[in-house]
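J.: Below, each chain spelled out in residue letters.
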Amino acid sequence: MLSLNAEELQDLKQTLKTRVPGHGLPRPFYHRELLYQAELEFIWRGGWLFAGHSCQIPNPGDYFLYEVDDDSMIIVRQDDGTVRAFYNVCRHRGSLICEAGEGSVKRFICPYHQWTYDRAGRLILFRGMQAGIDKSQLGLQAVHTRELEGLIFISLAQEPRDFDAAAEAIASMVRPQGLKHASHPQYIRANFDQYNADDTIDRIAEELAEVTARSATKWAAQGLAITVNHTGLAEFPDPDRNIWYAADRTPLLDGYVSETMDGQQIAPLMGAYTDPDVGTLRVRTLPNLWNHSSCDHSVTTRITPNGLHHTNIRMIWLVDAKAREGTDYQLDKMLPFWLLTSEQDWEICVRQQRGVNSHAYLPGPLSTYKEYNLDRFLRWYLKEMSEALG
Amino acid sequence: MLSLNAEELQDLKQTLKTRVPGHGLPRPFYHRELLYQAELEFIWRGGWLFAGHSCQIPNPGDYFLYEVDDDSMIIVRQDDGTVRAFYNVCRHRGSLICEAGEGSVKRFICPYHQWTYDRAGRLILFRGMQAGIDKSQLGLQAVHTRELEGLIFISLAQEPRDFDAAAEAIASMVRPQGLKHASHPQYIRANFDQYNADDTIDRIAEELAEVTARSATKWAAQGLAITVNHTGLAEFPDPDRNIWYAADRTPLLDGYVSETMDGQQIAPLMGAYTDPDVGTLRVRTLPNLWNHSSCDHSVTTRITPNGLHHTNIRMIWLVDAKAREGTDYQLDKMLPFWLLTSEQDWEICVRQQRGVNSHAYLPGPLSTYKEYNLDRFLRWYLKEMSEALG
Amino acid sequence: MLSLNAEELQDLKQTLKTRVPGHGLPRPFYHRELLYQAELEFIWRGGWLFAGHSCQIPNPGDYFLYEVDDDSMIIVRQDDGTVRAFYNVCRHRGSLICEAGEGSVKRFICPYHQWTYDRAGRLILFRGMQAGIDKSQLGLQAVHTRELEGLIFISLAQEPRDFDAAAEAIASMVRPQGLKHASHPQYIRANFDQYNADDTIDRIAEELAEVTARSATKWAAQGLAITVNHTGLAEFPDPDRNIWYAADRTPLLDGYVSETMDGQQIAPLMGAYTDPDVGTLRVRTLPNLWNHSSCDHSVTTRITPNGLHHTNIRMIWLVDAKAREGTDYQLDKMLPFWLLTSEQDWEICVRQQRGVNSHAYLPGPLSTYKEYNLDRFLRWYLKEMSEALG
Numbered sequence: 026m027l028s029l030n031a032e033e034l035q036d037l038k039q040t041l042k043t044r045v046p047g048h049g050l051p052r053p054f055y056h057r058e059l060l061y062q063a064e065l066e067f068i069w070r071g072g073w074l075f076a077g078h079s080c081q082i083p084n085p086g087d088y089f090l091y092e093v094d095d096d097s098m099i100i101v102r103q104d105d106g107t108v109r110a111f112y113n114v115c116r117h118r119g120s121l122i123c124e125a126g127e128g129s130v131k132r133f134i135c136p137y138h139q140w141t142y143d144r145a146g147r148l149i150l151f152r153g154m155q156a157g158i159d160k161s162q163l164g165l166q167a168v169h170t171r172e173l174e175g176l177i178f179i180s181l182a183q184e185p186r187d188f189d190a191a192a193e194a195i196a197s198m199v200r201p202q203g204l205k206h207a208s209h210p211q212y213i214r215a216n217f218d219q220y221n222a223d224d225t226i227d228r229i230a231e232e233l234a235e236v237t238a239r240s241a242t243k244w245a246a247q248g249l250a251i252t253v254n255h256t257g258l259a260e261f262p263d264p265d266r267n268i269w270y271a272a273d274r275t276p277l278l279d280g281y282v283s284e285t286m287d288g289q290q291i292a293p294l295m296g297a298y299t300d301p302d303v304g305t306l307r308v309r310t311l312p313n314l315w316n317h318s319s320c321d322h323s324v325t326t327r328i329t330p331n332g333l334h335h336t337n338i339r340m341i342w343l344v345d346a347k348a349r350e351g352t353d354y355q356l357d358k359m360l361p362f363w364l365l366t367s368e369q370d371w372e373i374c375v376r377q378q379r380g381v382n383s384h385a386y387l388p389g390p391l392s393t394y395k396e397y398n399l400d401r402f403l404r405w406y407l408k409e410m411s412e413a414l415g
Numbered sequence: 026m027l028s029l030n031a032e033e034l035q036d037l038k039q040t041l042k043t044r045v046p047g048h049g050l051p052r053p054f055y056h057r058e059l060l061y062q063a064e065l066e067f068i069w070r071g072g073w074l075f076a077g078h079s080c081q082i083p084n085p086g087d088y089f090l091y092e093v094d095d096d097s098m099i100i101v102r103q104d105d106g107t108v109r110a111f112y113n114v115c116r117h118r119g120s121l122i123c124e125a126g127e128g129s130v131k132r133f134i135c136p137y138h139q140w141t142y143d144r145a146g147r148l149i150l151f152r153g154m155q156a157g158i159d160k161s162q163l164g165l166q167a168v169h170t171r172e173l174e175g176l177i178f179i180s181l182a183q184e185p186r187d188f189d190a191a192a193e194a195i196a197s198m199v200r201p202q203g204l205k206h207a208s209h210p211q212y213i214r215a216n217f218d219q220y221n222a223d224d225t226i227d228r229i230a231e232e233l234a235e236v237t238a239r240s241a242t243k244w245a246a247q248g249l250a251i252t253v254n255h256t257g258l259a260e261f262p263d264p265d266r267n268i269w270y271a272a273d274r275t276p277l278l279d280g281y282v283s284e285t286m287d288g289q290q291i292a293p294l295m296g297a298y299t300d301p302d303v304g305t306l307r308v309r310t311l312p313n314l315w316n317h318s319s320c321d322h323s324v325t326t327r328i329t330p331n332g333l334h335h336t337n338i339r340m341i342w343l344v345d346a347k348a349r350e351g352t353d354y355q356l357d358k359m360l361p362f363w364l365l366t367s368e369q370d371w372e373i374c375v376r377q378q379r380g381v382n383s384h385a386y387l388p389g390p391l392s393t394y395k396e397y398n399l400d401r402f403l404r405w406y407l408k409e410m411s412e413a414l415g
Numbered sequence: 026m027l028s029l030n031a032e033e034l035q036d037l038k039q040t041l042k043t044r045v046p047g048h049g050l051p052r053p054f055y056h057r058e059l060l061y062q063a064e065l066e067f068i069w070r071g072g073w074l075f076a077g078h079s080c081q082i083p084n085p086g087d088y089f090l091y092e093v094d095d096d097s098m099i100i101v102r103q104d105d106g107t108v109r110a111f112y113n114v115c116r117h118r119g120s121l122i123c124e125a126g127e128g129s130v131k132r133f134i135c136p137y138h139q140w141t142y143d144r145a146g147r148l149i150l151f152r153g154m155q156a157g158i159d160k161s162q163l164g165l166q167a168v169h170t171r172e173l174e175g176l177i178f179i180s181l182a183q184e185p186r187d188f189d190a191a192a193e194a195i196a197s198m199v200r201p202q203g204l205k206h207a208s209h210p211q212y213i214r215a216n217f218d219q220y221n222a223d224d225t226i227d228r229i230a231e232e233l234a235e236v237t238a239r240s241a242t243k244w245a246a247q248g249l250a251i252t253v254n255h256t257g258l259a260e261f262p263d264p265d266r267n268i269w270y271a272a273d274r275t276p277l278l279d280g281y282v283s284e285t286m287d288g289q290q291i292a293p294l295m296g297a298y299t300d301p302d303v304g305t306l307r308v309r310t311l312p313n314l315w316n317h318s319s320c321d322h323s324v325t326t327r328i329t330p331n332g333l334h335h336t337n338i339r340m341i342w343l344v345d346a347k348a349r350e351g352t353d354y355q356l357d358k359m360l361p362f363w364l365l366t367s368e369q370d371w372e373i374c375v376r377q378q379r380g381v382n383s384h385a386y387l388p389g390p391l392s393t394y395k396e397y398n399l400d401r402f403l404r405w406y407l408k409e410m411s412e413a414l415g
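Residue numbers (our numbering), protein chains in the order written: chain A, 26 to 415; chain B, 26 to 415; chain C, 26 to 415.
Bound conformation, chain A alone (with noise of 0.2 Å):
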């Protein structure tokens, strides 16, 4: 969809190589409308994008809505229980058919003339239109969806990239957690300016390492895999081999259980856990997902453009469907932990968004103990912004 012309798109080319190796992103690249237009259309409309957890949508006719910069999709759970998505704009005037942001519906009708589609997408009543208007040309536009232990992805290319070797990756890791199976006590949304973490101290890498060792053959035993077993942290992506998905395993500090202020346990175990002591489940999918999973909660964020200057948040904490809020865990001794670094994270990102906004700003060299993964991604983000503009 989006048109350049040959200026444009030699300037595109240009901007991608201005980036020195092993040091931020230059200027441009925090600043210019067409530079986003083009990760909208390359990275946002060509890649698969987290949308949502299964829980979230647990019958049929069950439906949430997510936003893309000026793209708005339904993802509703169809009748034999399978997740599709459609474009939330009506086929005859445009216009929006949904507005409540999450709701249960037995069609979707749109509240201008009426058009009604089933919630497979099918257009099944246009009162007051003309003979030979096909209605199985009008169905509601579909986005390509994927559906894995609990997570729900969407794809708005045409042509969407292959899934299977992330569903393969991701799959066994998240399998034992059972977020199939969660049920979502709360949300939270925020909005700010980029955002970027990749700030880890090593003293405590290298501490994980050594508990990893240690919990090599018990875990093994419950059959969860140990994916990190050398010091520091996981390696991800890897642009050379198009790698842009991670599910690992790591052990937690010493006298932790789980990812709360205090490293005590705060709600019943989660999907197929028998013992708290499973460290800590990552797993990460670009450009939009990260997730934090301990023993007895979970905690998605989602990262969502909203134009040049302004990204969406959301944070989803997941625990057991059986667990009941108030007998069971207690949100004020489950949500800070996150929550407090989230927001400090988001603090950090807006301070340097004002800081890339001068026109003094010169990229720095990155660590290479510390900010290798950074450096990773840039690379990632670099290489499929090059190859898509040919």
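By construction, these hints were calculated from the structure, which means they are not laboratory data. The model shown is predicted, which means the values in this text are computed figures rather than measured ones. Please note that a few of the clues may not be correct.
Claimed, not checked - Restraint ranges, calculated between C-beta atoms of paired labels, are given here:
#1 C:Leu34 / B:Lys38: 40 to 50 Å
#2 B:Ala31 / A:Leu365: 56 to 66 Å
#3 C:Gln355 / B:Gln369: 51 to 61 Å
#4 C:Lys131 / A:Ala259: 30 to 40 Å
#5 A:Arg147 / B:Gly288: 37 to 47 Å
#6 C:Lys131 / A:Asp265: 41 to 51 Å
#7 B:Ala241 / A:Asp105: 54 to 64 Å
#8 A:Asp105 / B:Leu414: 47 to 57 Å
#9 A:Ser161 / B:Gly288: 39 to 49 Å
#10 A:Lys131 / B:Asp357: 30 to 40 Å
To be verified - Rough simulated footprint, nothing fancy, chain A against chain C, three-plus residues with beta-carbon under 8 Å:
#11 92–104
#12 124–137
#13 146–160
Ideal Cβ positions, reconstructed from N, Cα and C, are used throughout, including at glycine.
Dock chains B and C against chain A, hints included.
T.: Chains B and C only, in chain A's frame:
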């Protein structure tokens, strides 16, 4: 004032050709700043705009402002009783002269350096200016004006298009309503994104036609023209004959004598009417006026662009000049009918704008039963634009 | 930093030629983003900007921020008592370093990864970075700075233009006022669209000249230069001689010894003054400073662009450093005179901006009696821009 380079001109011409006959407008029509600027130039500064009602400025020196995008115009009653209009911009430093949206003045005095203009826009005082500057060349810039049976129209074009045919078509229809001698008890104003209203129910249109037949003789006796003698809505506009104006009288449903919630008359008869059974009078002029008049009150809607994604709406309710609020009529009986209808329409428009924002929006087929006037409007709009672009 | 293609360059040059001599600026000067960007580059990042007063940062480590459009600068007192300025942008990831608008620091520590700079802008600490990165190349980017009798100027240009002639013209005039040793009790800030102030009444200018003649001998005895010895306002700037600075002393009206509401002295004498009868000292530098000083207090106005249609204004009131609020002076006696005047000017400016927004705006003739300094400013501005564009 709009200067287009060759590329932009070509681009606009190309865009105008992208509409599929019988369908809505493609996405760029709702989004492109360049197209919006061209609409401002050719439609809004090229045609005749309804500015307001004569009864808003009954006496010499009475004025109101009308703002179209970035232009502010003063519409002012002259000493000889005619109406004139001027740009609200001082010829010295360009300051806005009038800030209050309506009022009464002896002279127009710019608040910056007190350059003073009479009601006819002539510069009569500019203290502190050197000799040799010709005051007569520095009057307020005039805008073409026509006052028609209580309706004031302006044209921002250098050479305004023909108004006489419209005047002829509208004058005799509107005269009996007495808008010239009306008073306006109240108005409301609202901002929203894009307005369309084209939906009626066939069954009602048919009923109207039946009642029409019945009323014809009676009305003719009172000198009231009847213009709709077939089922369905009056067709409007007529792009082939360049007709951008319409005035029609239609019967109301049995039991209704006024467009009020219960159909009862709620104010004294207006103008020359002697019987409440006068049906409803509808006046429309493109691009910005529609008026619905009953025997006892009249409701005007004026729409005006205010940036690419904003439209200003002003509604004005009129009653006979002799009617007194509280005694002869109650606002709470008069306002709801068209206010509620309008508010519902505005919600529809906002929702449609949000939908067509999606890059996935595809224009759908229009109903030949219900949306033929929208089709006519789109054809009129495309023809106007194409001709203006040459 | 501004990169213009051939078409844009031609367009800008053409626009600069559209002003009719002796008239205001045509509409594009108030509207075009490209022209605004060129002004930022050539006027704001090309010249010397008044940033603030020495008394705002009396001690080593004291700093304040100055923000010009998207650039944030730290102005900081050095250990040796001089003033330096740096871009407020970390050399690592580009984060803003200081958020508080003013404060006192030992070191500048970026809140993102704790890169640490000393007060002289040198990078002294960057934990977690690999060997082989040269800290000495990663200091804060310096901005040229000059401190002149209590006034701090900065230049964002690589090669700043000459400052010495301005320093010479201003220093001796300002020295007796003692701004160097002033204190600032209060400031206000406001945002608005475009500022101009050029209006005075001839009669008053003539009276001033008479009093000037009377005061000359007395002032000479106190070592106070008198610079205005003719009727009318001092002419400023001088585009032909590239003079963008001025410092003038003018008598006040009979009965006035200070620019207060009743003309009475309301604070202790400032600086080297021994007699309240010192008239008024006015210092102006383009593009962003004017200062009005009386015997007992001094008022500075600093204007700064903040986007195409926004201007930031900061006003600062200064008194002698030894003066104590509540005992030696009352704010309610000191603030109103220039605060009310300024607020009225701001209203004028907003109104003028709204007027010139109209596509019908035509620049009018300027008064050769009252607006010659505006004409000089416009000629200076056009010459600066033309020369910069080559």
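J.: All hints, please: hold or fail.
T.: Now the hints, each set against the structure:
1. C:Leu34 / B:Lys38: 40 to 50 Å: violated (28 Å)
2. B:Ala31 / A:Leu365: 56 to 66 Å: Distance hint for B:Ala31, A:Leu365 holds at roughly 57 Å.
3. C:Gln355 / B:Gln369: 51 to 61 Å: Check passed, 59 Å falls within 51 to 61 Å.
4. C:Lys131 / A:Ala259: 30 to 40 Å: Since the Cβ atoms of C:Lys131 and A:Ala259 sit about 38 Å apart, the hinted range of 30 to 40 Å holds.
5. A:Arg147 / B:Gly288: 37 to 47 Å: holds (41 Å)
6. C:Lys131 / A:Asp265: 41 to 51 Å: The hinted range 41 to 51 Å holds for C:Lys131 and A:Asp265, with Cβ atoms some 45 Å apart.
7. B:Ala241 / A:Asp105: 54 to 64 Å: holds (60 Å)
8. A:Asp105 / B:Leu414: 47 to 57 Å: holds (52 Å)
9. A:Ser161 / B:Gly288: 39 to 49 Å: holds (43 Å)
10. A:Lys131 / B:Asp357: 30 to 40 Å: Taking Cβ atoms as reference, A:Lys131 and B:Asp357 lie about 38 Å apart, which means the hint holds.
11. 92–104: This one holds; 3 residues, not fewer than the three required, reach chain A with a Cβ under 8 Å.
12. 124–137: Coverage by chain A holds here, the residue count being 3 at a Cβ distance below 8 Å.
13. 146–160: holds (count 4)
Hint 1 from the list above is the single one not met by this structure.
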